[in-house]
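Enquirer: Protein sequences appear in the order of chains A and B. Under the numbering used here, think of the first position of the first sequence as 1, with each following residue one higher. Under the numbering used here, think of the first position of the second sequence as 1001, with each following residue one higher.
Source of the hints: derived by calculation from the structure; they are not laboratory data. Predicted model, so just to flag it, every value in this text is computed and none were measured. Where is the CB? At the ideal position from N, CA and C, for every residue including glycine. One thing to keep in mind: the hints can contain errors.
[Claimed, not checked] Straight-line alpha carbon distances no greater than 27 Å define the calculated DSS-like cross-link-like pairs of lysine-lysine that follow:
1. B:K1112 / B:K1020
2. B:K1136 / B:K1225
3. A:K70 / B:K1035
4. B:K1140 / B:K1019
5. B:K1136 / B:K1035
6. A:K54 / A:K84
7. A:K155 / A:K167
8. B:K1141 / B:K1035
9. B:K1112 / A:K84
10. B:K1225 / B:K1076
11. A:K171 / B:K1019
12. B:K1140 / B:K1285
13. A:K54 / B:K1035
14. B:K1020 / B:K1035
15. A:K54 / B:K1225
16. A:K70 / B:K1112
17. B:K1136 / B:K1076
18. B:K1076 / B:K1137
19. B:K1035 / B:K1019
20. B:K1140 / B:K1112
21. B:K1285 / A:K54
[Unchecked claim] Looking from chain A toward chain B, a few residues come up when the C-beta cut is under 10 Å (computed):
22. I10
23. H51
24. G68
25. F92
26. G209
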Amino acid sequence: MNVFDIIGPIMIGPSSSHTAGAVALGRVANKVMNQVAPVQVRIELSGSFAHTYKGHGTDRALMAGIMGYKSYSEEIRDALTIAKQRGINYEFVPTDIPGAHPNTARIHIKGENGEECTVEGASIGGGNIRVDYINGMRVDFTGEHNTILVLHRDKPGLIAAVTNLMKEKYKEVNIGNFRLSRPVKGGEAMMTIEIDGLPPQGMIDDMRGIENVMNVLLIRAV
Amino acid sequence: MLLYQTIEELLAAAAAQNKKISEIVLADQAAQMEKTEQEVYAQMEQSFDVMCDSVLQGQDPNQRSTSGLTGGEGFKMKSYSERTQGGLSGVFMTRAMSRALAVSGCNAAMGKIVATPTAGSCGILPGCLVSLYEDKKMEKKDIVMSIFTAAAFGIVIAQRACLAGAQGGCQAECGSAAGMAAAALVELQGGTPQQAADACAIAIANQLGLVCDPVAGLVEIPCIKRNVSGVMIAFSSADMALAGIRSEIPVDECIDSMGEVGSALPASLRETALGGLASTPTGMKLKEQVFGPAPR
Chain A
1 MNVFDIIGPI
11 MIGPSSSHTA
21 GAVALGRVAN
31 KVMNQVAPVQ
41 VRIELSGSFA
51 HTYKGHGTDR
61 ALMAGIMGYK
71 SYSEEIRDAL
81 TIAKQRGINY
91 EFVPTDIPGA
101 HPNTARIHIK
111 GENGEECTVE
121 GASIGGGNIR
131 VDYINGMRVD
141 FTGEHNTILV
151 LHRDKPGLIA
161 AVTNLMKEKY
171 KEVNIGNFRL
181 SRPVKGGEAM
191 MTIEIDGLPP
201 QGMIDDMRGI
211 ENVMNVLLIR
221 AV
Chain B
1001 MLLYQTIEEL
1011 LAAAAAQNKK
1021 ISEIVLADQA
1031 AQMEKTEQEV
1041 YAQMEQSFDV
1051 MCDSVLQGQD
1061 PNQRSTSGLT
1071 GGEGFKMKSY
1081 SERTQGGLSG
1091 VFMTRAMSRA
1101 LAVSGCNAAM
1111 GKIVATPTAG
1121 SCGILPGCLV
1131 SLYEDKKMEK
1141 KDIVMSIFTA
1151 AAFGIVIAQR
1161 ACLAGAQGGC
1171 QAECGSAAGM
1181 AAAALVELQG
1191 GTPQQAADAC
1201 AIAIANQLGL
1211 VCDPVAGLVE
1221 IPCIKRNVSG
1231 VMIAFSSADM
1241 ALAGIRSEIP
1251 VDECIDSMGE
1261 VGSALPASLR
1271 ETALGGLAST
1281 PTGMKLKEQV
1291 FGPAPR
């Protein structure tokens, strides 16, 4: 903890959990869409988010994050108008996600060429978040560190192929946390790799080149 | 390296080096973040600049909160101060009150603020420090430095107790902010580190037990006005300490006590909007006005 955890963040009000944290969740979805412009956004809100999202501007904050704005961007206030101007159809659906954290949002996005993504996560206080699911796959990261998501086919030796690349070619990379999610044996799987610092130039592209890796995304620390 | 586990540690380090608390904290933070002191100072200066901007933005007469429940309080207080030449509390204090209202209102209206330490208590430090800067013409450098003292006290509070209303009630948010501000004010007035510690202790003691009971769960009622109380308590606590009035209970023990009281508060009084002002008939009616009838 340092002085800027106490004096900060600089943010658009009114609530670090319901506004700043919501922007951060939206930004994760923005990163997962990987530069593809969204055309259809459907956001399910659970718990306290479902009851108070209008008064806290949670809806605007989520949309702002989805469009790539940050928790201190003045555009958050007008995010719904900006979304309309960009031709994004959006809807907010209060719901109950059983067992979810009280401030949980599930974001579904369709892109201009039919790409889709789903991000589910919670705002856990002080603007901090925890991402729980991406495209239905269990993940667990906070966005405090730079996080690499590797979507791949579940094949033997693939984890070694990815980590060996990091070890052999990019020696300075240090993994702080690693998680594998594999809903079905032999199907699609996802590695969540939190690293210290930014990945070196070229590493993400090299990872994409590994056989049976379908996509690699970098979620920069918020 | 400082551990920030006790205020006692900060006082001892300041005494050993014969420096202000802010000076040892800036040096320590630069070392911990592996940055230069200039870089860390510049980042804090940016935070202070945002505080000044929030004051300006928040004094807009047309300000309304997102829910429509509040707005324009900063402007009203500023006009009153001018019209009455300081009302009952004097020009300096009424202007400080107007700044606290302005920044809290800015937050409720989705303006840009610095969470100090939280969004709910974001008006207290600016209410105190921007007032010394603009009305007492203190040097900006001294003001920015004093925020390091405030922040160091905040880190100790966070580690020994907590800063979140959901965990410790309003005393953890506005109480902590007032304690942090009081310490900064003492340093700015040339008081000793011990006097800064006493001021923080007095401010916390004066808000011990304050519950978090936001109407409709929003950071507006009573949060905005409690930021004004926080400013008044910060100034009076700093003045008491500067006058040589000691806190009989040492600051670290006051902080521990706040933590204990926070844990003893029922959930209904910790930001759930189920008790206190939030569950009054009018509080419930206002909630319905914003969010519609409660689902059953």
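Enquirer: Confirm or reject each hint.
Expert: Status of each hint after checking the structure:
1. B:K1112 / B:K1020: violated (31 Å)
2. B:K1136 / B:K1225: At roughly 24 Å apart (the allowed maximum being 27 Å), K1225 (chain B) and K1136 (chain B) satisfy the hint.
3. A:K70 / B:K1035: holds (24 Å)
4. B:K1140 / B:K1019: Holds - the C-alpha atoms of K1019 (chain B) and K1140 (chain B) are around 19 Å apart, at most 27 Å.
5. B:K1136 / B:K1035: This hinted pair is violated, its Cα atoms lying about 32 Å apart.
6. A:K54 / A:K84: Between K54 (chain A) and K84 (chain A) the Cα gap is close to 17 Å, so the pair holds against 27 Å.
7. A:K155 / A:K167: holds (20 Å)
8. B:K1141 / B:K1035: holds (19 Å)
9. B:K1112 / A:K84: holds (23 Å)
10. B:K1225 / B:K1076: Distance of about 13 Å is within 27 Å: holds.
11. A:K171 / B:K1019: Violated, at roughly 43 Å.
12. B:K1140 / B:K1285: With Cα atoms ~45 Å apart, K1140 (chain B) and K1285 (chain B) exceed 27 Å; violated.
13. A:K54 / B:K1035: violated (40 Å)
14. B:K1020 / B:K1035: Holds, at about 20 Å.
15. A:K54 / B:K1225: holds (22 Å)
16. A:K70 / B:K1112: holds (12 Å)
17. B:K1136 / B:K1076: Satisfied, since the Cα-Cα distance of roughly 22 Å is no more than 27 Å.
18. B:K1076 / B:K1137: Judged against 27 Å, a Cα distance of about 24 Å means the pair holds.
19. B:K1035 / B:K1019: holds (21 Å)
20. B:K1140 / B:K1112: holds (21 Å)
21. B:K1285 / A:K54: OK: K1285 (chain B) and K54 (chain A) at ~17 Å, within 27 Å.
22. I10: Result: holds, 5 Å to nearest chain B Cβ.
23. H51: holds (7 Å)
24. G68: Violated: closest Cβ of chain B sits about 18 Å from G68 (chain A), beyond 10 Å.
25. F92: violated (13 Å)
26. G209: violated (34 Å)
When the structure is compared with the earlier hints, violations turn up for hints 1, 5, 11, 12, 13, 24, 25 and 26 and for no others.
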